[in-house]
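If you read the sequences in order, they're chains P and X.
Oh and the first sequence: position 183 is 183 in this note's numbering, straight run, nothing missing.
Oh and the second sequence: position 275 is 275 in this note's numbering, straight run, nothing missing.
Simulated from the structure, these hints should not be mistaken for lab results.
A couple of the hints might just be wrong.
Claimed, not checked - Derived pair list, reagent style DSBU-like, types lysine-lysine, alpha-carbon separation capped at 30 angstroms:
| # | chain 1 | residue 1 | chain 2 | residue 2 |
| --- | --- | --- | --- | --- |
| 1 | P | K111 | X | K245 |
| 2 | X | K204 | P | K274 |
| 3 | X | K34 | X | K83 |
| 4 | X | K28 | X | K130 |
| 5 | X | K29 | X | K184 |
| 6 | X | K28 | P | K111 |
| 7 | X | K17 | X | K184 |
| 8 | X | K367 | P | K274 |
| 9 | X | K314 | X | K17 |
| 10 | X | K240 | X | K190 |
| 11 | X | K28 | P | K278 |
| 12 | X | K83 | X | K314 |
| 13 | X | K175 | P | K111 |
| 14 | X | K184 | P | K274 |
| 15 | P | K227 | X | K17 |
| 16 | X | K314 | P | K111 |
| 17 | X | K29 | X | K83 |
| 18 | X | K175 | X | K240 |
| 19 | X | K34 | P | K367 |
| 20 | X | K184 | X | K245 |
| 21 | P | K396 | P | K274 |
| 22 | X | K29 | X | K130 |
| 23 | X | K29 | X | K314 |
| 24 | X | K190 | X | K175 |
| 25 | X | K17 | X | K28 |
| 26 | X | K175 | X | K204 |
| 27 | X | K190 | X | K204 |
| 28 | P | K278 | X | K190 |
| 29 | X | K184 | X | K130 |
| 30 | X | K130 | X | K204 |
| 31 | X | K130 | P | K278 |
| 32 | X | K29 | X | K17 |
| 33 | P | K396 | P | K278 |
| 34 | X | K130 | X | K34 |
| 35 | X | K28 | X | K83 |
| 36 | P | K274 | X | K34 |
| 37 | X | K265 | X | K83 |
| 38 | X | K245 | X | K28 |
| 39 | P | K274 | X | K28 |
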Amino acid sequence: MNTAVTLAAGADQDGFRLAVRRLLAADIAPDAVVWGTPDAGDLFGGSLAGDAPPVMLPRALAAMITPVVCHRDPERYALLYRLIWRMRHGEPELLANPADALVRRLEMMRKAIRRDLHKMHAFVRFRETIGPDGTARYIAWFEPDHYIVEATAGFFVERFRSMIWAILTPVGSLFWDTERLAIGGPGTKDHLPADDAFEAGWCSYYESIFNPARLNTVAMRSEMAGKYWHNLPEARLIPALVRGAPERLRDMVAREATTPIHRDPALAVAAMAKQNPKTLADLNRIIAAAPSLVPGATRAVLGEGPIGAAIMLVGEQPGDAEDNAGRPFVGPAGQMLDRALAEAGIDRTTTYLTNAVKHFKYQQRGKRRLHASPTTSEVKHYRWWLMQELGFVQPKLVVALGATALLALTGQPLPLLRNRGPISFDGQAGFVTTHPAYLLRLPDPATQQTAYTAFVADLQHARSLASAC
Amino acid sequence: MDEALDTKLRILADAAKYDASCASSGGKKRAAGKNGIGSTTGSGICHSYTPDGRCISLLKILLTNYCLFDCAYCINRRSSNTKRARFTVAEVVSLTIGFYKRNYIEGLFLSSGIIRSPDYTMEQMMLVAKTLRNEHGFAGYIHLKTIPEANPWLIEQAGLFADRLSINLELPLQKSLEDLAPEKNTATIKTAMGQMRERIIEAKEERRHFAPAGQSTQLIIGADTATDDVVLTTSASLYKNYALKRVYYSAFSPIPEASRFLPAKSPPLQREHRLYQADWLLRYYGFTVPEITEGGDASMLDLDIDPKLAWALKHRALFPVDVNTAPREMLLRVPGLGTRAVDKILAARRHMRLRLDDIARLTSGLKRLRPFLITLDHRPTRLIDRADLRQSLIAPPVQPSLFD
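Here chain P stands alone, though its shape is the one from the complex:
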């Protein structure tokens, strides 16, 4: 005797899964099952009841069941059960063979569902209306081919989370109030607002973006079939656009080129190319006005010192003290630098000091602002400013203090110690040494003293190079 299984109308995911558990527990073969929905009438067969143990299904199989259950084909449950049965009776790899006739058919059904979902995501059109409480509500009417309404809910919730909206369809409805999703029965088109503030603008856009020289209605119809048109506001423009296209094309081809009526804006065109800053002050104005690229920073810390300075020192980025003062090298590392400069016989006031990155990047830890290293790409973002600055200052020698400055001056991440000493930055005489902050971080006083002495020696070396230039 056949076993009858009656499932709810539409996509009865839970009912189908329960039925599969019961059928497998009772070891009933696919040929002995009659699948139906309540409206299908009497099924002439015994039925199953009671609970059944859960069944472990491979992930690939579950990924086939969920979409196919949404299909309108009345045979969908029977086909799925046949697939499950065969995979549990000697053909565990069945799903991996796309050439099998059953797999092929189910694959086509799955594809149809994927397409239907995609088209619903694409072709739903909301109209805005103002609710009794004065808030905007968005209502749409759509007619999907299959039982996919619930399956699309996640997409619309994610995208329009902060809006109050409803999507009504002949097979069920979705309601979202910015917090909860409600699923309702079939809706009607009567609840769709008659018009919308942006719909005419959307139609203007649709008309204007169409190029009559490329008329291709076959391609349009293959992606936007006629069955969708009556719910798409823009589609009512299609007949006129298609009819008018050949003439518009003929017109364009036949029309003589006209003489420009505007005078040639020679001055404006010439001025256009002169946008780059002309002076260091120009550049500094741009830098000061630009928002920080790195997180943190209350202001840009500009370079300091005379144009034409013999030595230009480039550090990493301003720190907490520099960000507060708006001047470079005034914090603990700056004081260390001052001391070293003095010992090396370099006058800070005649030296140009700046940073590779002009903003203080930090992480807030309680009340403290902790220095955070700029990444390679951040340093390179700031590089253009530094290069302009270098061009204006035109020092005899540029000194890179630390690896970040070296990266900024060469454009490449290079090892610091291997490049320590004299270097050429693309033709500009340069010198590489450590950053004074590095000295501060050394834990052992003896090591610190050695490193400090080496740092001062480097600065002396740099000074002699600058005076030899």
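Given chain P, put chain X in place with the hints provided.
For chain X alone, kept in the frame of chain P given last:
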């Protein structure tokens, strides 16, 4: 929406329609926070199709069509008598959000004529993107056309707000660019592309947001004398050197207010279609440019048949190929078999020996592949030598379907 804004929208959408790019794909999945709006799906959605068969995914508009440049192929060049308009930043933001809330679009594709200076224009465009992101919590897709003449600081800022950046090379030959677009310069464009490429790769490593959907470009087809060979060689080098996501080909289309330097004629749509097919062969089928062009004649592709079939007909000695034993690279060279069909064949081969019926279930290109494929029950040894093979395989003329 008031009439003045509607008029601007018409002018500035019309001015933007010659850009072929429409994709909203390539990014990562993402969704707005509680008070924001929008999401990206990763694969993009086409919300509508116009009667030219092209998809509407993004609101594609210019900020303004006033322009100081004088590119002969462009309707917005300074010497054209086209109607001009200019959006305010607020207007573009309001249109984008309004359209997005009604589910008309995936996001914004903003381009602009050059006004005052490249820097000024770039800043205005960026202000739109920044306002959308920061003030409206907009998480939809943003594609910004980058102005290569703008200073690098600005170009790099754009990547912070955009999903995709693009710079149109437009003409592959430097000479054509000099003749037809006097203010443009191939070297400037390529420098900017190189700079963006570097930043995109670094930001990905550093997990920072910088144009996560990469960069693309467009080449105009048929406005100058560049052959298909030149076009494809340019594309191959752009893919290789700048890691572009896409090169778009745009058949030069007659425009109202045409320049007298350029011929007014119907756009070479079939040529554009063949170039897209060839582009696919370059990127997904392991073909080189010389292999593709030798299928055609005098550095141009065969317009009547697709470039893979053209190549196969000139290499008949390599066919037929046995579907049950051939390696993937060879199956990819069989006319009528796409990458997906080949992957399915490889999967099915592990379970069975394939017959012609099985192949019919895996691909829709059966007619084209019959002379080139051996199956258990099909050995087309004589078909491949027939002199009229090419003729028998030419499909009846249909309008090409792009962007599918």
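Status of the hints after comparison with the structure:
For the given pair, K111/P sits about 26 angstroms from K245/X by alpha-carbon distance, which is consistent with the 30 angstroms threshold. Between the alpha carbons of K204/X and K274/P the distance comes to roughly 34 angstroms, so the proposed pair goes past 30 angstroms and is violated. Of the supplied pair hints, the one linking K34/X and K83/X is violated, its CA atoms being roughly 41 angstroms apart against a limit of 30 angstroms. Taken as a hint, the K28/X and K130/X pair is honoured in the structure, with Cα atoms around 19 angstroms apart against an allowance of 30 angstroms.
In summary, the hint linking K29/X to K184/X is not supported, as the alpha carbons are separated by about 36 angstroms, beyond the 30 angstroms threshold. At roughly 23 angstroms between alpha-carbon atoms, K28/X and K111/P fall within 30 angstroms of each other, so this suggested pair holds. Proposed proximity of K17/X and K184/X is supported: the alpha carbons are some 21 angstroms apart, at most 30 angstroms. Distance restraint check for K367/X and K274/P: the Cα-Cα separation of roughly 61 angstroms exceeds the 30 angstroms cut-off, and the hinted pair is therefore not satisfied.
This hinted pair does not check out: K314/X and K17/X have alpha carbons roughly 38 angstroms apart, beyond 30 angstroms. For a cut-off of 30 angstroms, the pair hint linking K240/X to K190/X stands: about 13 angstroms separates their Cα positions. This hinted pair does not check out: K28/X and K278/P have alpha carbons roughly 41 angstroms apart, beyond 30 angstroms. Restraint check for K83/X and K314/X: the C-alpha separation of about 51 angstroms exceeds 30 angstroms, so the hint is violated.
A distance of roughly 48 angstroms separates the Cα atoms of K175/X and K111/P; the hinted pair therefore is violated under the 30 angstroms criterion. Restraint check for K184/X and K274/P: satisfied, since their Cα atoms lie roughly 15 angstroms apart, inside the 30 angstroms limit. Pair hint K227/P plus K17/X holds up; C-alpha atoms about 27 angstroms apart against a cutoff of 30 angstroms. About 36 angstroms separates the Cα atoms of K314/X and K111/P, which puts this hinted pair outside 30 angstroms; it is violated.
Under the criterion of a C-alpha separation no larger than 30 angstroms, the hint pairing K29/X with K83/X is inconsistent with the structure, at around 39 angstroms. Our distance criterion of 30 angstroms between C-alpha atoms is met by K175/X and K240/X, whose separation comes to about 23 angstroms. Simply put, K34/X and K367/P have alpha-carbon atoms about 29 angstroms apart, close enough for the 30 angstroms limit, and the pair holds. With a C-alpha separation of about 23 angstroms, the suggested pair K184/X and K245/X falls inside the 30 angstroms cut-off, and the hint holds.
In summary, the hint linking K396/P to K274/P is supported, as the alpha carbons are separated by about 27 angstroms, within the 30 angstroms threshold. Simply put, K29/X and K130/X have alpha-carbon atoms about 20 angstroms apart, close enough for the 30 angstroms limit, and the pair holds. Between the alpha carbons of K29/X and K314/X the distance comes to roughly 44 angstroms, so the proposed pair goes past 30 angstroms and is violated. Between K190/X and K175/X the alpha-carbon distance is near 15 angstroms, which keeps this suggested pair within the 30 angstroms criterion.
For the given pair, K17/X sits about 27 angstroms from K28/X by alpha-carbon distance, which is consistent with the 30 angstroms threshold. Proposed proximity of K175/X and K204/X is contradicted: the alpha carbons are some 36 angstroms apart, above 30 angstroms. A hinted pair counts as satisfied when its Cα atoms are at most 30 angstroms apart, and K190/X with K204/X qualifies at roughly 21 angstroms. Only pairs whose Cα atoms come within 30 angstroms are accepted, and K278/P paired with K190/X is accepted, the gap being roughly 25 angstroms.
A threshold of 30 angstroms between alpha carbons decides the hint, and for K184/X with K130/X the separation of about 27 angstroms falls inside it, so the pair holds. A threshold of 30 angstroms between alpha carbons decides the hint, and for K130/X with K204/X the separation of about 20 angstroms falls inside it, so the pair holds. For a cut-off of 30 angstroms, the pair hint linking K130/X to K278/P stands: about 28 angstroms separates their Cα positions. Pair hint K29/X plus K17/X holds up; C-alpha atoms about 27 angstroms apart against a cutoff of 30 angstroms.
This hinted pair checks out: K396/P and K278/P have alpha carbons roughly 21 angstroms apart, not beyond 30 angstroms. A hinted pair counts as satisfied when its Cα atoms are at most 30 angstroms apart, and K130/X with K34/X qualifies at roughly 19 angstroms. For the proposed pair K28/X and K83/X, the alpha carbon gap of about 39 angstroms is over 30 angstroms, so the pair is violated. For the given pair, K274/P sits about 45 angstroms from K34/X by alpha-carbon distance, which is inconsistent with the 30 angstroms threshold.
The suggested pairing of K265/X with K83/X holds, with an alpha-carbon distance near 22 angstroms, which does not exceed 30 angstroms. For the given pair, K245/X sits about 14 angstroms from K28/X by alpha-carbon distance, which is consistent with the 30 angstroms threshold. As the CA atoms of K274/P and K28/X are separated by approximately 39 angstroms, the hinted pair breaks the 30 angstroms bound.
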